[in-house]
Amino acid sequence: MSSFIKHIKESNQIVIIETDGYLNNEGGEAIAAICYEKIKGGQNKFLINMAGTKVVNSIGVSIIIEIIEKLQEVDGKIGYFNLAPIVSKTFNIMGLTKYSTVFANEEEAVGAL
Amino acid sequence: MKKPSVELKLPILPNMELIATQTSEVIARHMNLTEDQTGEISIALIEACINAFEHSKTDSNVFINFLIEEDSLIIKVIDQGTGFDKTKVEIPKIENKIGKDERKRGWGLQLIQELMDSVEFESNSDGTTVTMKKNIKK
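Just so you know, the protein sequences line up as chains A and B, in that order.
Each residue of the first sequence is one higher than the one before, starting from 1 at the first, in the working numbering.
Each residue of the second sequence is one higher than the one before, starting from 1 at the first, in the working numbering.
Next up, chain A with everything else stripped away, as it sits in the complex (with noise of 0.2 angstroms):
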């Protein structure tokens, strides 16, 4: 496994992956290829701990719109809590807010998505 990817578990049926360090092209194939393997395996719901991620590149980031337009196939949905203020902003420019959801924590996320 990629050292980018800490950390995964599960919690109320949602995949919860905790990255560290930079999301590049690289660290968003990390977290897609979790995404794909767990989506063939029946799940279609995920959430990204990025606490440990400061910073990122566009190229990361839609690896993550690709994972986005995979889980409208399976009716699927993705989330991310604990996000540094220029990654939030960075996600809100791209437009990922517009068709996932950025979670202030762990708890708010579970209970929301």
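There's no promise every hint is true.
Partner residues are not named here, just some residues of chain A that face chain B (Cβ under 7 angstroms, in silico) [stated by the list, open to error]:
(1) Asn57
(2) Ile65
(3) Ile93
No lab work stands behind these hints: they were computed from the structure.
No residue lacks a Cβ here, since even glycine has one placed at the ideal position from N, Cα and C.
Since the structure of chain A is provided, determine the placement of chain B on it from the hints.
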């Protein structure tokens, strides 16, 4: 008095853009910029570097100049690539990318323009210079 400046020369290698952001963070601290401003500069710089790396020839370098002004930080990202025509770059919209056979990438210029206070592009067949400015809010 000569204005303080910092110059970087980056080889085109994976994640070299992070050297630029480490430098900009030190400069931002020196200039007492806010956390939001520092983050905005970092993301804009990452995107400008990635564009420069992608447009450059593999054996060339990307040059970054930071010019510390009293009321602003000016950053120039200079590549020796083949140049591009900004008028042909479409403004990306997620609605046009989701569920369609569109490439999901192509957000760099949009992010730079949204995150910085002003941006200028000079491009020809010898390379591209992106000049980005962040005003200091006191």
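Q | Proposed interface contact between A/Asn57 and chain B, which counts if any beta carbon pair is under 7 angstroms | A | 5 angstroms, holds
Q) Minimum Cβ distance from A/Ile65 to chain B below 7 angstroms? A) For A/Ile65, the interface hint holds, since the closest Cβ of chain B sits about 5 angstroms away, which is under 7 angstroms.
Q.
Does the closest beta carbon of chain B sit nearer than 7 angstroms to the beta carbon of A/Ile93?
A. Interface hint status for A/Ile93: holds (5 angstroms vs cutoff 7 angstroms).
Violation of the numbered hints given earlier is absent; every hint is satisfied by the structure.
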